[in-house]
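Quick one: dock chain against chain with the hints and give me the complex.
Protein chains in written order, with this note's numbering: chain A, 1 to 413; chain B, 1 to 87.
Honestly, I wouldn't trust all of these hints.
Claimed, not checked - Capping the alpha-carbon separation at 30 Å, the derived lysine-lysine pairs in DSSO-like fashion look like this:
id, chain 1, residue 1, chain 2, residue 2
1, A, Lys99, B, Lys2
2, B, Lys2, B, Lys49
3, B, Lys74, A, Lys99
4, A, Lys43, B, Lys49
5, B, Lys49, A, Lys104
6, A, Lys123, B, Lys49
7, B, Lys31, A, Lys134
8, A, Lys167, B, Lys31
9, B, Lys74, A, Lys100
10, A, Lys99, A, Lys43
11, B, Lys31, B, Lys49
12, B, Lys49, A, Lys134
13, A, Lys124, B, Lys46
14, A, Lys57, B, Lys49
15, A, Lys123, A, Lys187
To be verified - Stretch by stretch, here's where chain B covers chain A in the computed footprint (C-beta under 8 Å, at least three residues):
id, segment
16, 18 to 26
17, 88 to 94
18, 138 to 149
No lab work stands behind these hints: they were computed from the structure.
Cβ atoms here follow ideal geometry from the backbone N, Cα and C, with glycine treated the same way.
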Amino acid sequence: MERIILHVDVNSAYLSWEAVYRLQHGARIDLRTIPSVIGGDEKSRRGIVLAKSIPAKKYDIQTGETLWSARSKCPNLVVLPPSYPLYLSCSDALVRLLKKYSPKVERYSVDECFVDLTGCTQKKTAEETAWEIKERCRTELGFTVNVGLSTNKLLAKMASELEKPDKMHTMYPHEIPEKLWPMPVRKLFLSGPKTLPKLYKLNIFTIGQLAHASPDLLQHHLKSHGLTIWKYANGIDDSPVVPDGRAVKGIGNSTTTPFDVDSEKEALLYLLSLTETAAMRLRSNKMLARVVTVSLRDTNLSFYSHQRRLVSPTDSTLLLYRQAKSLFKEMWRREPLRHLGVHLSDLVENKFYQTSFFDDTAVSRQQAIDKTIDEIRASYGADAVVRGLFPHSGIPPLCGGVYEAFPTMRSLL
Amino acid sequence: MKVLMQSVDMICCTNRDGVITPIKFRISDEKEENRIVKIDRILDRKEEKLAGNRMLVFTVQSIIRGRECRFEMKYEFSTCKWFLYKI
Chain A
1 MERIILHVDV
11 NSAYLSWEAV
21 YRLQHGARID
31 LRTIPSVIGG
41 DEKSRRGIVL
51 AKSIPAKKYD
61 IQTGETLWSA
71 RSKCPNLVVL
81 PPSYPLYLSC
91 SDALVRLLKK
101 YSPKVERYSV
111 DECFVDLTGC
121 TQKKTAEETA
131 WEIKERCRTE
141 LGFTVNVGLS
151 TNKLLAKMAS
161 ELEKPDKMHT
171 MYPHEIPEKL
181 WPMPVRKLFL
191 SGPKTLPKLY
201 KLNIFTIGQL
211 AHASPDLLQH
221 HLKSHGLTIW
231 KYANGIDDSP
241 VVPDGRAVKG
251 IGNSTTTPFD
261 VDSEKEALLY
271 LLSLTETAAM
281 RLRSNKMLAR
291 VVTVSLRDTN
301 LSFYSHQRRL
311 VSPTDSTLLL
321 YRQAKSLFKE
331 MWRREPLRHL
341 GVHLSDLVEN
351 KFYQTSFFDD
361 TAVSRQQAID
371 KTIDEIRASY
381 GADAVVRGLF
391 PHSGIPPLCG
401 GVYEAFPTMR
411 SLL
Chain B
1 MKVLMQSVDM
11 ICCTNRDGVI
21 TPIKFRISDE
31 KEENRIVKID
41 RILDRKEEKL
51 AGNRMLVFTV
61 QSIIRGRECR
71 FEMKYEFSTC
81 KWFLYKI
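The shape of chain B in the complex, shown without the other chains (with noise of 0.2 Å):
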């Protein structure tokens, strides 16, 4: 994989217990053109706060062109800002 670490756009849902789960996001890329990618399952997820800074790091997995995908999510609390960390 390989790191990537581009902001998106995401909408994603939060259940009464405060467990975020990402839905679907859209990221601008190269042409400047928009992409829609919905993620189709949670592989892992897991809470890292390197340099004290806490993030939420998901493993999924999605159709992107017909191909299945595996690829790296990262959200950072401090910012509310969701990334497209690994692909």
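Looking at chain A on its own, in the form it has when it is part of the complex (with noise of 0.2 Å):
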């Protein structure tokens, strides 16, 4: 039997939910109609573009792009903070509204769900049905989305990013060489900047193009992605719609810092203090990782990362750490640095530990300590205990990580 897949998206999200919310709070200008941003906090140089109206989008303005580049595009910009906890409700809402016509409904980030329709639609069509949903967003919930329908969920998605905002758009296989052969490359899941370069060097522009170029082609200079995408340019994807969530493949953490870092000490602050809650997050989700990555940022914005496998995975802070800190001793070229990252992959669950010859010898008292701190810290506050290197180092002693509860992107389907 054939699929029923829905991909709904909402329309610049973060946007269209503070403007609704200050209709709703008797604002006068709705914020979807001017020129508008949502920017992060410039005073801790976090001020890019977080979501745009679409008349800033007339003015070229990119998501992404700084705050500053964007006002000068257009001087009558209105620039406002981000509010998180209004977007995690928002999309509850909309999860709230999608179950009510399935019980299989995957969030897929904050602003996109994924719902399985497949035996859900006895009385309606499913075009009637993804139609409805679009205009009870709108009329109920206040914001527009884009539904795209189809028969599994790559084509869901592609088909909701066709034409916007407040869209409903099928994309069954049998309009793929219609739909989606003409768009260019570019904006097909999982063709990003690594990727188009190579593409373009093979002559591919176009969905088309890509989905009739040869495989084994692809697969030599693209490696196993190039055989992922060409499966995607044919409308090829059998991934199911997973309703609670998929399984955590990876902790990250990372910040930009307010003051460039120039001194090994604070860097090494930083990365304690990044390992320190994505540690936390490791236990809390009874996990083990065995690879540690740690990424830099520097000051004009040049990205890098180490990784290492550990011999044996593991949860404790001051393992992770340690490894954390040598790879940044060996990547780091003493440039000053905006942006660190520590990211755990390699995920296994806690059920068993392996202990080996090369194990520090106060594991287990490593890991009562450990669990002692998520202890007081869950009773009595994130700052409750604290390493007694950070006070008065201006350093936070937690960094990162407070609203990850669902990502903005994601690169499986």
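Following this line, the structure appears as structure tokens:
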């Protein structure tokens, strides 16, 4: 039986949620009708455009560009700070509405959901249901969405990207040559800045050209990723809609620093602070990590990273930090840094712990102290216990990871 | 009607079924003087959940300065606040 999959994508999510909330509270101007953006805090150097209105788009303002450059393009630009708790409650409201149509709703990111409507469309056709969902979002929740309808997640997602805002599109397999293939290849899911130049070199500019290219050629140039995007270009995808979100694949934590970090001592304090939060999340997910990655971004915004596989997986803050520290010392070129990140991956469940000859003798003591600290923080707040290195250092003892309940972007369907 | 969205002190009644009915409210005007308005009739009540934020919207009628006025009041569940929304 052919599946029926819907992809629901909120149009300029952060901005329209902010606009609707303000209108509900008596604002006279709808932010969606004027050039406006949601931007990070400039004082702590997170001043980038997070979401933009359609009139702001006409000034060629891009998501991710600095507020300074956005203002130079449009001097009357209205800039508003983000309010993440509001966005989470809007996202919850969307999921609640979708769950009235099917029990299989996957929150793909904060503003995107997949709905498996297979077997849930007895009274109405799939198109009527999709249209109804779109209309209900607008009238009941006040924000507009794009709905894509197809037989798998990839095609549904590509359909919802077609024309915005407030539209419903279908992209059934027989419509691929007409709707998917004329699109530029950069619009295809997973063809990003690393993949595109390689495709352009192969004279592939549209999704249709990619679909007709030889899979062997693509595999030769792009390895297994070549085959994946070739399948996507042909509309082949069999990933299921996972209702309760998927298992965590990796836990990352990063921060943009409010000042340029140019001493090793400060950088290591940041790494410790990031590892502390990431390891806490690792433990609360009952996982152990086997791979530690440290990433750095310098003041010229060039990005580089290093990773290492551990002999045995661990969840100990101290052991993870030791690895992060040695990775950092190997890679840092002593230039000032503005962004640091720690990522823990290759996760396994913490049901078993493989001891080894090379283990620190104090592993069980470390586990006990981590557990105790986690419990104190859970009961009395995250800042109830902090390491003695942090007071008066100007660096927060627990960095990042506050509102990462739902990722904003994913690379897996 | 003009959008005001001014918070007010409210006396309301919640019955056994959980139905909320506004009775009278106090509002301070531009001169910081308090005015008490009794709600005479509730013409319409509806629930809105714009941006996922639940609010009750009442269209009501009262006599203000000897004149019959129609206006809208809002009750926000998340903050338990009452507002004079439109008049």
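Quick rundown of the hints versus the structure:
This hinted pair does not check out: Lys99 of chain A and Lys2 of chain B have alpha carbons roughly 37 Å apart, beyond 30 Å. Between Lys2 of chain B and Lys49 of chain B, the direct Cα distance comes to roughly 21 Å. Compliance with the 30 Å bound is thereby established for this hinted pair. Distance restraint check for Lys74 of chain B and Lys99 of chain A: the Cα-Cα separation of roughly 28 Å lies within the 30 Å cut-off, and the hinted pair is therefore satisfied. Taken as a hint, the Lys43 of chain A and Lys49 of chain B pair is broken in the structure, with Cα atoms around 34 Å apart against an allowance of 30 Å.
Using a Cα cut-off of 30 Å, the hinted pair Lys49 of chain B and Lys104 of chain A holds, with the two alpha carbons roughly 23 Å apart. In summary, the hint linking Lys123 of chain A to Lys49 of chain B is supported, as the alpha carbons are separated by about 26 Å, within the 30 Å threshold. Proximity of Lys31 of chain B to Lys134 of chain A is assessed by CA-CA distance (about 46 Å); at most 30 Å being required, the pair is judged violated. Of the pairs offered as hints, the one joining Lys167 of chain A and Lys31 of chain B is violated, with about 49 Å between alpha carbons and a cut-off of 30 Å exceeded.
Proximity of Lys74 of chain B to Lys100 of chain A is assessed by CA-CA distance (about 27 Å); at most 30 Å being required, the pair is judged to hold. About 40 Å separates the Cα atoms of Lys99 of chain A and Lys43 of chain A, which puts this hinted pair outside 30 Å; it is violated. Between the alpha carbons of Lys31 of chain B and Lys49 of chain B the distance comes to roughly 34 Å, so the proposed pair goes past 30 Å and is violated. Taking the CA atoms of Lys49 of chain B and Lys134 of chain A, the gap is about 15 Å. The hint holds against a cut of 30 Å.
In summary, the hint linking Lys124 of chain A to Lys46 of chain B is supported, as the alpha carbons are separated by about 27 Å, within the 30 Å threshold. Taken as a hint, the Lys57 of chain A and Lys49 of chain B pair is honoured in the structure, with Cα atoms around 28 Å apart against an allowance of 30 Å. At roughly 35 Å between alpha-carbon atoms, Lys123 of chain A and Lys187 of chain A are farther apart than 30 Å, so this suggested pair is violated. With 6 residues bearing a CB less than 8 Å from a CB of chain B, the segment 18 to 26 of chain A meets the requirement of three and the coverage assertion stands.
Interface restraint, the segment 88 to 94 of chain A with chain B: holds (6 residues with C-beta to C-beta distance below 8 Å; minimum three). Chain B is given as covering the segment 138 to 149 of chain A, and this holds because 4 residues of the stretch bring a CB closer than 8 Å to a CB of that chain, at least three being needed.
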